[in-house]
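Enquirer: Chain W is already provided as a structure; the job is to place chain R on it using the hints.
Residues per chain are reported as follows:
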Amino acid sequence: MIHQPDPALLTLVFLTIMTAQNTTTPPKKIPTQRILLWVGVALMLLFCLAPVLWQILTSFKTNPAISAIPTVYIPNGDQLTIAHYFSLGNEFLRYILNSFLVSLVSTVVCLAVGAPAAYALARLKIPGEQIVLAIVLVVSLFPYVLLFLGLLEIVKAAGLGNNYLALIVPYTAINLPLTILVLRSFFQQLPKDLEDSAKIDGYQTVPMLLQIVLPMTIPALVTTGILTFIFAWNEFIFALTFITRSELQTIPIAVAKLGGASVFEIPYGPIAAATVLGTIPLVLLVLFFQRRIVQGITAGAVKG
Amino acid sequence: MPMTPDTRRQRESRTGWILMTPALMILALVFAYPILRAFWLSTFTQNLGTQLNAEFSGLTNYARLIGDSRFWQSLWNTSLFTAFSISLELLIGLVFALILNQTFRGRGLVRTVALIPWALPTAVMGLAWAWIFNDQFGVVNDLLIRLGFIQERITWLGEPTRAMLALICADVWKTTPFIAILLLAGLQSIPGDLYEAHAIDGASPWQSFRHITLPLIAPQILIALLFRFAQSFGIFDLVQVMTGGGPAGATETVSIYIYATVRRYLDFGYGAALVVVTFLILIVAVLLTAGLLSKTRVNLTGD
Chain W
1 MIHQPDPALL TLVFLTIMTA QNTTTPPKKI PTQRILLWVG VALMLLFCLA
51 PVLWQILTSF KTNPAISAIP TVYIPNGDQL TIAHYFSLGN EFLRYILNSF
101 LVSLVSTVVC LAVGAPAAYA LARLKIPGEQ IVLAIVLVVS LFPYVLLFLG
151 LLEIVKAAGL GNNYLALIVP YTAINLPLTI LVLRSFFQQL PKDLEDSAKI
201 DGYQTVPMLL QIVLPMTIPA LVTTGILTFI FAWNEFIFAL TFITRSELQT
251 IPIAVAKLGG ASVFEIPYGP IAAATVLGTI PLVLLVLFFQ RRIVQGITAG
301 AVKG
Chain R
1001 MPMTPDTRRQ RESRTGWILM TPALMILALV FAYPILRAFW LSTFTQNLGT
1051 QLNAEFSGLT NYARLIGDSR FWQSLWNTSL FTAFSISLEL LIGLVFALIL
1101 NQTFRGRGLV RTVALIPWAL PTAVMGLAWA WIFNDQFGVV NDLLIRLGFI
1151 QERITWLGEP TRAMLALICA DVWKTTPFIA ILLLAGLQSI PGDLYEAHAI
1201 DGASPWQSFR HITLPLIAPQ ILIALLFRFA QSFGIFDLVQ VMTGGGPAGA
1251 TETVSIYIYA TVRRYLDFGY GAALVVVTFL ILIVAVLLTA GLLSKTRVNL
1301 TGD
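As given, the protein sequences belong to chains W and R, one line each in that order. Residue numbering for the first sequence follows this note's numbering, starting at 1 and increasing by one per position. Residue numbering for the second sequence follows this note's numbering, starting at 1001 and increasing by one per position.
If you are wondering where the hints come from, they were derived from the structure by calculation, not from laboratory data. Honestly, I wouldn't trust all of these hints.
Dumping the calculated SDA-like pairs for lysine to any residue here, alpha-carbon to alpha-carbon at most 25 Å [what the hints assert, rightly or not]:
1. W:K192 with R:I1035
2. W:K125 with R:L1282
3. R:K1295 with W:V138
4. W:K125 with R:E1055
5. W:K125 with R:I1145
6. W:K156 with R:P1022
7. W:K125 with R:I1018
8. W:K257 with R:T1155
9. W:K192 with R:R1009
10. W:K257 with R:A1248
11. W:K192 with W:I218
12. W:K61 with R:K1295
13. W:K257 with R:L1165
14. W:K192 with R:T1015
15. W:K199 with R:I1018
16. W:K192 with W:L133
17. W:K61 with R:Q1136
18. W:K156 with R:I1035
19. R:K1295 with W:S140
20. W:K199 with R:Q1010
21. W:K192 with W:L124
22. W:K199 with R:D1006
23. R:K1295 with W:I131
24. W:K199 with R:T1021
25. W:K257 with R:G1158
26. W:K61 with R:R1153
27. W:K156 with R:R1263
28. W:K257 with R:R1264
29. W:K125 with R:T1015
30. W:K156 with R:Q1051
31. W:K156 with R:N1047
32. W:K192 with R:I1154
33. R:K1295 with W:L137
34. W:K61 with R:I1154
35. W:K257 with W:P267
36. W:K61 with R:I1145
37. W:K125 with R:S1294
38. W:K192 with R:W1017
39. W:K156 with R:E1055
40. W:K199 with W:V213
Chain W extracted, bound-state conformation:
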């Protein structure tokens, strides 16, 4: 299978890398180890990229090429088309815009609400803060399916069906634990001197936070915001349940609906094109902010 490296080879690579790890300094001493490392790297790239590349290729193939047997791996000029992208129509741009709107607003709200809480947990002595932290941590493990029933009742009672608030509030909430944990670990690393001298200069807590701490926090806010944006963009079950009007749908739902549109003839080409368009923003985020994303994930899970 293309997506999973051969187990025997993996074991081999595995053992070699461990060997390589221990010989620390001279890397060119044992070239077989280097070769195996590169084999491992190649398999890893294949594993991560193959499904994505396959979807990109499918999105540019004509229908006859898509359903050709045996499968076409390298299409010729006649087998290529961009028609699938056009077939998605303008409403697909609408879905992308919807996703942008919901993800962006919930990210901003999440940071605005989460940052003060993280600061309080990092800096101030509060009785019961260990309990709050434990709750935040446990809550971050809840599968969303446990929440949608109760939320559905709230959404119905408040008349929020087909309203973006029905997504923005839950998205803010599901991202709050991570936001609080990442920002808390950031505040703990921030030197306290500045705040102390600001206090001596007569700053009250809130103006001090806004004028002195906030500017220094911006890099951490960006790191956290990227993660919350990605999670909000990808959320499925709430968007599926609370939004029924098609013009309000977000990307994951819109693409999934394409797949379920017809039992007999699934439009593989358009689905592939939709996959590519709907994930480009995320791929760009990963390309530009790889380092920050890694920082965020580890700060949220490991230090948290």
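Expert: Chain R alone, transformed into the frame defined by chain W:
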């Protein structure tokens, strides 16, 4: 006006609670309320039979759950899915982390690429995987035929065992990067001279791995397991788009069953009971892992 230590502490505590209040309110609304509400609602019968009126029925829903073979089947499916996908992810994730921990040209780029599966929407990539495992035109069948493993195209998503296998493949692809990143952070925190000292003592690489690497990244492994267990146990989007729980319920996970109970059968009381039981199973598992974690001498809250 000079402040006594006591009043300063009180003010600090008050400021702290004020700063936390908005976040705590949102968490209470979106997490605490639905869970507590499910406990309450699970003691009522509220379905089409009662014309959607809630009628108190005590523990009837739980009695029904015990005899509900579809629930037990879904719990079994979920456990199977969770056990296999997590083990594979941990194994491959560890290999990826060990590779990424080496110095080689282009490591930054490889690390970036390794993040891509993690960042993409599960529901969307689930469709991509359904296409890859397509019976007629799928690339998996084509490759297996070319490599001579099979003669005819085989059914993947329409056959119970292979449908589960396809789901596990897709999940492993999607979440291995997350584990790799966590484990890589663990590996990077191990000082290199530990290995040198151990090597001088005549230890083989495998022994070093067993006696240094594994014990020192044990906390990261447990944390990764904890997160992945919770996510995998509640898996919804991937199954929903790839198989919808089929064929004939062979890949129906607990969350798919809960969703169908509430949305398709409009059985709110019983759906609530399912939520409660799933929640309790999860809590027990989390407590067990947290206990293990504290044994590895790392405080979960980082202090």
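Enquirer: Decide, hint by hint, whether the structure agrees.
Expert: Each hint, compared with the structure:
1. W:K192 with R:I1035: violated (39 Å)
2. W:K125 with R:L1282: violated (31 Å)
3. R:K1295 with W:V138: Judged against 25 Å, a Cα distance of about 18 Å means the pair holds.
4. W:K125 with R:E1055: violated (47 Å)
5. W:K125 with R:I1145: violated (65 Å)
6. W:K156 with R:P1022: Answer holds: W:K156 to R:P1022 is near 23 Å, not above 25 Å.
7. W:K125 with R:I1018: With a Cα-Cα distance of about 13 Å, the restraint between W:K125 and R:I1018 holds, given a limit of 25 Å.
8. W:K257 with R:T1155: holds (23 Å)
9. W:K192 with R:R1009: Holds - the C-alpha atoms of R:R1009 and W:K192 are around 17 Å apart, at most 25 Å.
10. W:K257 with R:A1248: The given pair, whose Cα atoms are some 22 Å apart, holds under the 25 Å limit.
11. W:K192 with W:I218: holds (17 Å)
12. W:K61 with R:K1295: violated (55 Å)
13. W:K257 with R:L1165: holds (24 Å)
14. W:K192 with R:T1015: The hint holds at about 17 Å.
15. W:K199 with R:I1018: With a Cα-Cα distance of about 19 Å, the restraint between W:K199 and R:I1018 holds, given a limit of 25 Å.
16. W:K192 with W:L133: Holds, at about 21 Å.
17. W:K61 with R:Q1136: holds (17 Å)
18. W:K156 with R:I1035: It holds: about 17 Å lies between the C-alpha atoms, which stays within 25 Å.
19. R:K1295 with W:S140: Judged against 25 Å, a Cα distance of about 22 Å means the pair holds.
20. W:K199 with R:Q1010: Judged against 25 Å, a Cα distance of about 17 Å means the pair holds.
21. W:K192 with W:L124: Holds. W:K192 to W:L124 sits at ~12 Å (cutoff 25 Å).
22. W:K199 with R:D1006: Distance of about 18 Å is within 25 Å: holds.
23. R:K1295 with W:I131: Distance ~20 Å between R:K1295 and W:I131 Cα, so the pair holds.
24. W:K199 with R:T1021: Given pair W:K199, R:T1021 holds - Cα atoms ~23 Å apart, limit 25 Å.
25. W:K257 with R:G1158: With Cα atoms ~20 Å apart, W:K257 and R:G1158 stay inside 25 Å; holds.
26. W:K61 with R:R1153: It holds: about 21 Å lies between the C-alpha atoms, which stays within 25 Å.
27. W:K156 with R:R1263: Holds, at about 14 Å.
28. W:K257 with R:R1264: holds (17 Å)
29. W:K125 with R:T1015: holds (10 Å)
30. W:K156 with R:Q1051: holds (17 Å)
31. W:K156 with R:N1047: Given that 25 Å is the threshold and the Cα spacing comes to 17 Å, the pair holds.
32. W:K192 with R:I1154: Violated - the C-alpha atoms of R:I1154 and W:K192 are around 64 Å apart, more than 25 Å.
33. R:K1295 with W:L137: holds (18 Å)
34. W:K61 with R:I1154: holds (24 Å)
35. W:K257 with W:P267: Holds: W:K257 and W:P267 sit about 11 Å apart, inside 25 Å.
36. W:K61 with R:I1145: At roughly 22 Å apart (the allowed maximum being 25 Å), R:I1145 and W:K61 satisfy the hint.
37. W:K125 with R:S1294: At roughly 24 Å apart (the allowed maximum being 25 Å), R:S1294 and W:K125 satisfy the hint.
38. W:K192 with R:W1017: holds (20 Å)
39. W:K156 with R:E1055: Within the cut-off at roughly 20 Å; holds.
40. W:K199 with W:V213: The hint holds at about 12 Å.
Hint compliance for this structure: hints 1, 2, 4, 5, 12 and 32 are not met, and every other hint is.
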